[in-house]
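J.: Protein sequences, first through last, are from chains A and B. Here this note's numbering is used: the first residue of the first sequence is 146, the next is one more, and so on. Here this note's numbering is used: the first residue of the second sequence is 3, the next is one more, and so on.
For the record, the hints were derived by calculation from the structure and aren't laboratory data. Hints are supplied without guarantee of correctness; some may be wrong.
Said to hold, decoys possible - Straight-line Cα separation of at most 30 Å, BS3-like style, residue types lysine-lysine; simulated pairs: (1) B/109 to B/172; (2) B/109 to A/294; (3) B/252 to B/269; (4) A/294 to A/248; (5) A/393 to B/109; (6) B/172 to B/252.
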Amino acid sequence: MSRVTLLSLQVLVAVVAIAAWHVLTTVPILGVTVLPPFFFSTPADVFGRVVQWFVEGSIWRHLWITLVEAMLAFVIGSVAGVLIGFWFARQPLIAAVFDPYVKMMNALPRVVLAPIFALWLGLGIWSKVALGVTLVFFIVFFNVYQGVKEVSPTVLANARMLGMNERQLMRHVYWPSALSWMFSSLHTSVGFAVVGAVVGEYLGSAAGLGYIIQQAEGVFDVAGVFAGMFVLAAFVILIDAVVSLVEKRLLVWRPVAAETRT
Amino acid sequence: MQESGAALRTTIAPAAPAVALGDVTIAFRLGGNAVYTAVEQASLSVADGEFVAIVGPTGCGKSTLLNVAAGLLAPSAGTAAIFGHPLAGLNRQAGYLFQAEALFPWKTARENVAIGLEVAGTSRAEAQRRAEDWLGRVGLNAFGGRYPHMLSGGQRKRVGLAQVLIRDPKILLMDEPFGPLDAQTRQIMGNLLLDLWTADRKAVLFVTHDLEEAIALSDRVVIMSAGPAARIIGDWPVRLPRPRDIAEVKLDAAFHALHREIWNTLKEEVLKGYAQTGGG
Ligand SMILES: Nc1ncnc2c1ncn2[C@@H]1O[C@H](COP(=O)(O)OP(=O)(O)O)[C@@H](O)[C@H]1O
Ligand SMILES: [Mg+2]
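Same shape as in the complex, but just chain B (with noise of 0.2 Å):
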């Protein structure tokens, strides 16, 4: 049975994909006996290599399904598998970029970086001679020895990129990681991570409210509906041509068409939202 089971796995694992969510249900306990179910039945796969990326209104459980993904948060149904492997405990294969300040106060942008090598038994200099080479590849050169204080909201971003790709994951997690940018830094920050992403492709889990942002960068686009109990409620593929550049390729008529196409879906989910919501 055992041997069987190890034959199998060795001829479907090429095929498995990357992040499996299988009706995925997450409910909260508020205190008392509420419950408030975030999230119902999502069912999601990305592909090894695959760039795909998650739109929904804001406070519809986007977050709280990336925390799965990255075995955060434990499903209060449903399944969770890594390259076919039932997920238990922390998403060993996952790098995540978080939506909120995640960088260590205390360490200069280079300790930053070089920190996931030193844990992983990396010695101190090659951990940080590393570290130099992928602030090198993020823009920051000259700004390994400041402290995320010192940094802006975009370098710091671009810390946190570095932080994760060095340790070189299948999986990337990426949780609205432009959100808080101006519009000339998220571009700029798209096409930085398109070309790291194309000179290396891994599985992405792009979490995003911008429509455009997403069409821009990813394979594939899925919508979830409002919350509470938001489902995923659809899932266009992106045949734009590779490789793109964000500024130009949302001139094309096909990105038009296609942004048409799923915003007419999206908009009655965005009203809803607010409408729950309160606006916030």
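Looking at chain A on its own, in the form it has when it is part of the complex (with noise of 0.2 Å):
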């Protein structure tokens, strides 16, 4: 399937779901509005709600804010998940006392830590960084921990032949290694900072989309809330494919795997 063909197919299925939203909200079928308004609002209002944050521009701060919360989180979370994943895989010993509490930990709902580090470190960005943290940690670590552990034996016996030391081997072998299955989770990892920014707002701030929805939401204004998704959505995919780009020029020495062509 070309390009070209793919993006029409793909830009037909939101015309079709936003023209079945308009007319089941706004034309009345045999006297009957399908979807009333007032909790489905309409695709003309949400509209109009985005056009009217953008032009006067009180939107650009809540975005800011939560990119700012986001990548905190992730550049934070990723450092630890680096460092600690590295230190476990070398250090067997360590990963086997730790194992219980990293699963404890990992199996934890996240969500059920906000209101705690909404006390700890009150309601400004820092108790959503933290949030964000606790969930890109745990990826990058798994991580990074699988990619040091995983690393072929073969390349390994190869490297200690042409004569590297521990720190050559370091350098030259596990971190590659490691680092490649870190970037292999970029996305998620991304996707999981800007998750822990937006429900951290949600359950409690004064800024950023996911407060904007829970006010909206305070005030029964669906449009708004619709909105604030719609943003929050576009923003995601922005980031998504920044982080594609990055990956595309880290992981050139990849095989792509998907490159097949129907």
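Two chains, each in its own frame: build the complex with the hints.
T.: Following this line, the structure appears as structure tokens:
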């Protein structure tokens, strides 16, 4: 399928969905409006709200706050995940001792931590960053750990036969392998950083996309809720595109598995 | 005592073989109390500058024996000596071309070749320059910037060869290096290897399951029996003139005579090997 056909089909799905939404909320069928606008709003209202936010410029501050929180969560969570993942992988004893605790913390639904973080860190950005960090950390941690553990024994033996010492093995073998695993989970970890930020905002804050949605919900402003969701969706798609670009640069050495044309 | 030892060493050093394995036995623990003896009492020596091929049925323990010579595996019993010195830890004099894929997938062909020099302290620029030179020698001038997955199997083996040879090891260990390649490429690679070896005669221990390839390349062919407890059951000198061309030497009458002689011994072992490993 060519790029153009694919793109037009993708757009078609959106058009059909929005048209259906429009018809069902504004055109009475047999005297009944199937989706009452009070509960479902209308595409025009939602679109109007989004435009209004951008024209007034009020949205930029919220977008910026969410972006900062997500980026901080991503960076801090990744650095911690890489360091501790590396450490655990090279120290099997430490890994064995902490194994049940790591599993325990990872099994915990992170949302329940949000009120605690708010209590500890206040309602500013740091409680959201902390929530994002707990999500990002485990993804990066497990991937880096795996990456170090799964280095091909032949590649490792080759490296040693080529004269590498422990430090050089780290730099030329373990590190690239760990990073490649981390990068392969970049989409997931960036996505979770955003989730952490938005959920944190939703549960208690004074700014950010989660805050906008929560405020709109508080006054039954369905158009506002939907508009906030759309802006959030667009925001995530944009970030994901940036991640794809970065990934392409960083993983040039990888075979492209899915380069099939149909 | 120490002085006389040193004096003795200088007098015997020139005659000491590059690799000497004495009654090497290798047993693997299979979990529980089960032990699998892969190789039993194998003795083998490779003189400096000599090209020795090891031939044996699949799974008999050829790779295992090579790992012992490389110092990657300690034998359960027996001795391993390199140029007269008992081997402890890695064999620093040896370059090892592995049977499985061993290139660093995150490095380009040029970086893969250069790395051995870089880790030994050569400056990056100088290492890259010499890597480029080696890529030329193995016929990969235009491929320095490619990552391993962008190269064919034969090209990857060439990179591997350059990666090992750039460090100028005194001993070259090769484990079925041309195994997965097609017949045509094997021949080309064999001739390339012979050219490089003629230019700089290293001690070579070359493992293969292909008897023809072994005879065509080597000075001596060593035959291993089928496992478990594989032993070395034959040792034939190859007195074919050098320089050789792989394709031409196979037409030689002396080649055929030797091939028939060795095959008569090997045949039984191969059949035994198949019976034990279920054809794999
Ligand atoms: N780490 C190991 N643990 C147990 N058995 C092993 C191990 N490595 C090799 N073996 C066994 O030793 C035998 C020789 O293996 P190998 O040297 O790889 O054979 P080949 O001659 O094909 O290179 C095989 O039967 C194999 O199953
Ligand atoms: Mg093998």
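J.: Next step is simple, just say for each hint if it's right about the structure.
T.: Going down the list of hints, with the structure as the test:
1. B/109 to B/172: holds, 26 Å
2. B/109 to A/294: holds, 19 Å
3. B/252 to B/269: Holds, because 19 Å separates the two Cα atoms, which is no more than 30 Å.
4. A/294 to A/248: Holds. Residue 294 of chain A to residue 248 of chain A sits at ~18 Å (cutoff 30 Å).
5. A/393 to B/109: holds, 16 Å
6. B/172 to B/252: holds, 29 Å
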